[in-house]
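J.: Chains as they are written, first to last, in UniProt numbering: chain A, 1 to 214; chain B, 1 to 214.
Keep in mind that the hints are not guaranteed to be accurate.
Put simply, identical chains are the same to the list, so a pair is met inside one copy or across any two.
To be verified - Here are the computed lysine-lysine pairs in the BS3-like style, where the Cα-Cα straight-line distance is at most 25 Å:
1) K155 / K92
2) K121 / K63
3) K81 / K92
4) K91 / K155
5) K121 / K155
6) K41 / K81
7) K63 / K142
Calculated directly from the structure, the hints in this document are not laboratory data.
Number of protein chains: 2
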Amino acid sequence: MAIKVHGSFVSTATMRVLACLNEKGLDYEFVPVDFAVGEHKKEPFLSLNPFGQVPAFEDGDLKLFESRAINQYIAHTYADKGTPLIYQDPKKIALVCVWAEVEAQRYDPPAAKLTWELGIKQLMGMTADDAIVQEQEAQLAKVLDVYEARLAQSKYLAGDSFTLADLNHLPTLNYLMGTRAQAVFNSRPHVSAWCADILARPVWQKVAAMRNNP
Amino acid sequence: MAIKVHGSFVSTATMRVLACLNEKGLDYEFVPVDFAVGEHKKEPFLSLNPFGQVPAFEDGDLKLFESRAINQYIAHTYADKGTPLIYQDPKKIALVCVWAEVEAQRYDPPAAKLTWELGIKQLMGMTADDAIVQEQEAQLAKVLDVYEARLAQSKYLAGDSFTLADLNHLPTLNYLMGTRAQAVFNSRPHVSAWCADILARPVWQKVAAMRNNP
């Protein structure tokens with residue numbers, strides 16, 4: 001049965017799932033959700049995600065939400081397709097989990113706020129709040145200090161291969177490159193090289209282009 | 001080789017891991033981390049968790065941090081011991097992941113702030129900030145509305161059995177019961193029954209008692 005993703009190309013959480021599906025080379029149907037008419041806050045969408053946020057995901061009769069949980073499901077269920085996004089060894093899988101949690105708990109809070117201030121607000125013709133930007137850049141810098149030390153030891157966050165832990169960063173990274181927040185990444189050489197590497201992945205380039213040419 | 005948990009009984013993240021190990025009936029060594037002398041911000045602790053926060057976890061030569069990633073590792077690696085905290089069926093595992101993400105991304109932000117204001121500050125003889133408490137209670141109430149609908153359909157968050165998705169809530173729930181925030185839970189009958197059920201688990205009672213009698 002078919003995979004469906006209900007979401008929006010503006011949403012980092014939607015793009016996170018699309019990046020994963022495309023790395024796996026899986027066919028899926030994209031169902032746009034119209035925020036302008038509040039489609040995400042009404043049925044039938046609320047039956048797919050009771051929190052009224054995109055994305056929602058269907059794989060046959062299985063219905064999931066929360067982008068990182070969806071990606072874990074895809075990576076494990078379709079382990080033998082496309083790019084291996086997890087390892088086989090349980091101890092190495094555990095490291096993917098650790099760094100995926102770091103993305104969710106430590107990197108994403110400042111990165112998501114900066115994405116809103118410097119990325120999405122700009123798309124909507126609004127002005128960034130400078131005090132928030134400064135505060136969140138300082139927060140992000142502390143997190144990226146730990147990344148810098150980690151990426152000096154291994155090419156990717158969870159080891160020598162690109163995994164889900166790296167992939168989950170792509171949508172916010174993509175928004176922040178080209179904004180003033182880019183300096184926080186670029187001033188750390190290993191972080192900067194890692195960003196350049198994962199953003200240049202042909203699959204991600206294709207996914208990122210969907211926003212402009214859906 | 002032995003399992004070690006480096007942490008503190010005051011820390012909800014430490015208690016989350018201890019709850020999991022105890023449900024699994026695994027032997028482990030608890031290594032107290034002395035916050036008073038800043039042990040968590042120095043080596044050798046920083047080699048175990050570069051973010052300088054408890055807990056840190058060792059299973060032989062494997063070193064992990066981030067409580068939810070540690071619990072996932074324990075639940076999968078020791079699947080055949082003690083309480084089954086995940087399912088066998090990949091589609092059911094995916095639902096455990098979804099609701100574990102909901103705990104981490106939606107429930108925990110207000111619950112952790114309330115735990116600080118109403119639980120930990122009180123332990124330290126400090127006064128709660130009423131404006132923060134009100135704001136976070138309102139935030140938590142919205143999340144618990146979704147829980148109420150979910151728990152009307154299934155006894156536990158990810159289905160008919162107690163799983164990691166439920167377990168991860170225990171440390172903050174335990175702090176909040178007995179505070180004014182308890183009313184936010186108790187005004188929702190299915191949420192209230194779920195809290196009473198999971199907090200009454202003998203394993204949790206034993207873990208919670210460690211704080212008073214370490």
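J.: Now, for every hint given, state plainly whether the structure supports it.
T.: Taking the hints in turn, this is what the structure says about them:
| no. | hint | result |
| --- | --- | --- |
| 1 | K155 / K92 | within (15 Å within a copy, 33 Å between copies) |
| 2 | K121 / K63 | neither (31 Å within a copy, 40 Å between copies) |
| 3 | K81 / K92 | both (19 Å within a copy, 21 Å between copies) |
| 4 | K91 / K155 | within (18 Å within a copy, 32 Å between copies) |
| 5 | K121 / K155 | neither (33 Å within a copy, 41 Å between copies) |
| 6 | K41 / K81 | neither (34 Å within a copy, 42 Å between copies) |
| 7 | K63 / K142 | between (37 Å within a copy, 22 Å between copies) |
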